[in-house]
Amino acid sequence: MQISMTRRVFLAKSSLVIAATALSGRIELFNASPVLADSSLPFKPHAFLEIGADDTITVWVGQTNLGQGTHTGIPMIIADELDAAWERVTVKMALAAEPFKSPVWHMQATGGSTSIRHRWDLLRTVGAAARQMLLEAAAEQWDIPVQKCLAQQGKVFHPDGSSLSYGQLAAAAGKRAVPDNPPLKDPGDYRIIGTQRARLDIPDKVAGRTAYGIDFRTDDMCVAVVARPPSYGAVPESHDAGAAMAVKGVVKVVELDNRIAVCAETTYAAMRGREALDIKWSSGSHPHLNDETLDELLQEHLSRSGVVAQNEGDVETALAGASQTLEQSYRLPYLSHAQVEPINCTAHVEKDRCRIWIPTQGQTATQETAAGLTGLPVEKVEVMTLPAGGGFGLRGEQDPVVDSVMLSKSLGRPVKVIWSREDDFAHDYFRPASHCRIQAGLDTHGRMVAWSHKVAAPSVMSRVMPHYVKDGLDADAVSGITDMVYLVPNKRIDYVMVDTPIPVGWWRSVGYSANVFTVESFMDELAHAAGADPVQFRLDHLEKGTRPYNLLAYLAEKSGWNDQAPEGRARGVALTSCFESIAAHVAELSVDTGGRVTVHKMYCAIDCGTAVYPDAIRAQAEAGVVMGMSVAFHERVRFRDGGVYTGNYDQYPLLKMPEVPEIEVHIMENDVKAGGVGEPVLPSVAPALANAMFAASGVRLRNLPFDTAQLKTA
Amino acid sequence: MITLQVNGTSRQVDVDPETPLLWVLRDNLGITSVKYTCGIAECGICTVLINGAAVRSCSISVAEAGAQKITTVEGLPDDHPVKRAWIEKQVPQCGYCQPGIMLQTVDFLSRQPDPTDEQINDAMDDVICRCGSHPRIRKAIRRAAEIAIKHGG
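Chains as they are written, first to last, in the working numbering: chain A, 1 to 714; chain B, 1 to 153.
Everything labelled a hint here was simulated from the structure, so no lab data went into it. It should be emphasised that the depicted structure is a prediction, and the values quoted were computed from it without experimental measurement. Please note that the accuracy of each hint is not assured.
To be verified - Okay, derived cross-link-like pairs now, DSS-like style, lysine-lysine, Cα gap no bigger than 25 Å in a straight line:
id : chain 1 : residue 1 : chain 2 : residue 2
1  : A       : K673      : A       : K656
2  : A       : K656      : B       : K150
3  : A       : K601      : A       : K558
4  : A       : K380      : A       : K92
5  : A       : K712      : A       : K656
6  : A       : K101      : A       : K712
7  : B       : K150      : A       : K558
8  : B       : K139      : A       : K601
9  : A       : K544      : A       : K656
10 : B       : K89       : A       : K92
11 : B       : K139      : A       : K558
12 : B       : K150      : A       : K601
13 : A       : K656      : B       : K139
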């Protein structure tokens, strides 16, 4: 019965299918080819790799296509170990299923730059196992030892030069067991990993053929928009359902808890219907919440004693004995994801199953949400992950799943819930605001002897994974500080949790997005206090020969750091280590007397271990600069009267084309395990800019977004 | 009934004439390459060509569009210099904004066939790409201009 549901995930023509089961969290590969012949077999397989008699090679990917390139990078890894002919490789998005869960997180989700780094061995083993089976099949057919056979470019070669294609061998290979520990390639033998390839999803995106979540249609579907409370804690006190129903195309008005949905035959009718509802909302729970009161709240929390996140050595004594001490405070705002495709989800609840089509970053969470609402077992919730128009951490949230499932139950037909742009800004799960104070001491040689750092910020973990919050400590809120790369003998990190009604969530590079700005800005302040060059000061506090040390030295060389900056320009540097990779930026800019900042050039260097797909790494690094600059110069969510004030992109401007500088990306060679890419390339952008602005003007900007008016000298 | 000319074909729709063209193209005609994002002509992602000029389809009613020639990205031939350049320079990340930006490029290059970087920056200062594909968009516009000049396209 389970097999009949999942068998159709296989392609009808495939002869060799490498699939997996995940029992007690451990993923085991097996040959699923016999399932095609015998539907009574008692397991529930999902394929990673299928090889057809016609030489087609299909790679199934369980992670979301957000445009980050993993839908090409993952097939590249499997194809390389398989020694496949790359032209025959296609990629398909898998359904939500156990084997696609992260072996580290034990859930299927796309975030934390984990798509490849959590599956590095698994993906290579899938390709290597199939290759070994094809080699064994050829050896048997030719009656020669397997060691005499050579796999290359989708064929197995006989010592006499004749060959059989993988397609010709697939059926015989499909009768063999998956080898336990197939040999994996040495990095020097890679033929696809590390090479330039065209991204597999780009032709459809350029042609306008890619159907994102918001584009999904199915028979008898209706579209719903939901009126949500304009301020925290508000509920509808009255509304005019009749006026909404009078709009042509509106099908039904449904009250859901604290919100009201309008379902219609078209999106526009649903939106018009929602306007017609004329809802009177209650005043909400926090009528005095606004930008100023939030700022005061965070500032007040910064003066409280928090919980100790880290305490090494004796900071107080070291500070007392320091030759000079420095203390500064920094403030960062709430940020919106501002992903371009509005939040959406389509659900169809039937008697014995629930189908969901969604551009989600959280497949397992989606299954569990729908199972909870319908009473169906999790495996009866089929989640079809559609390409997403950006995500940046927001798309694991479950609100659209809840609403579309509830509405489909209510209407008995498929329902697509769409948020308007105003909904997206008003009901985002924001990157938390954060205030911090840092104090450090230097000895007479300009070496750091102590670092004390207190962060006051709302906690993401408390809502998303409360079991990870122990005694008021959200480790994510201090990430980038507790694990900072610099050597300091005495270190103390405190965290003060700030409770507000504003929902906060994962946002690209999460805690690092805020804390690397403050650490790297303050490192620059210390370098100047010590009279040291900012790169040299950092190198002096890194262990020689480590990856951060090597990467920073590499970037200094590539950016010509030790040469004079071009006339009228100044440079700043910053370094990050996160998500198993190291990244650093050098900003080159000028500031005119009116305080106008022109960023001329940004250098980015990254050590992400094995650079699986260099062009995608470059694209992510370029993107990190653009998003990082956008955050640094423009982005801030505003609040007023107990709710979100920011309404649309006109009030949340993003970086525009004229502001985008020349970007030079350098990928440092390192053949260790592949690390993350999408997130590590972001955090050091803003501090590199702040440090360069200081070098240019002598003015230190410690709050984001930058108030460049402070740089005015005329 | 309103008759629209979309990608060289006459299409009839029975809708409120005040309906934004965006929603008629998407919901009534199923042309989903035209994307909804801001709804207030702020982001440029819903851009279509009307008689060759870039127009924000969220902010023009279907009645205003009337019988004028509407082009969406599907209406550009596969070998169009802009499509070729976008693939060659591997521009899209999530790709959601690209059809609108490509169409704005088509309009821009028709008026400015050999643009400087500064002209490109000015022409593209009213479109949004959250992924940050800007450096590649700039390269692709230059490349599309080159292809068009070389092939008289």
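Now for the hints, and whether the structure bears them out:
1. A/K673 x A/K656: Distance ~36 Å between A/K673 and A/K656 Cα, so the pair is violated.
2. A/K656 x B/K150: Roughly 30 Å separates the two Cα atoms, so the pair is violated.
3. A/K601 x A/K558: Satisfied, since the Cα-Cα distance of roughly 13 Å is no more than 25 Å.
4. A/K380 x A/K92: 21 Å, holds
5. A/K712 x A/K656: Since the Cα atoms of A/K712 and A/K656 sit roughly 23 Å apart, the hinted pair holds (cutoff 25 Å).
6. A/K101 x A/K712: With Cα atoms ~52 Å apart, A/K101 and A/K712 exceed 25 Å; violated.
7. B/K150 x A/K558: 35 Å, violated
8. B/K139 x A/K601: 16 Å, holds
9. A/K544 x A/K656: Violated, at roughly 40 Å.
10. B/K89 x A/K92: Holds. B/K89 to A/K92 sits at ~24 Å (cutoff 25 Å).
11. B/K139 x A/K558: 22 Å, holds
12. B/K150 x A/K601: 31 Å, violated
13. A/K656 x B/K139: Given pair A/K656, B/K139 holds - Cα atoms ~15 Å apart, limit 25 Å.
The structure fails to meet hints 1, 2, 6, 7, 9 and 12 from the earlier list, while all remaining hints are met.
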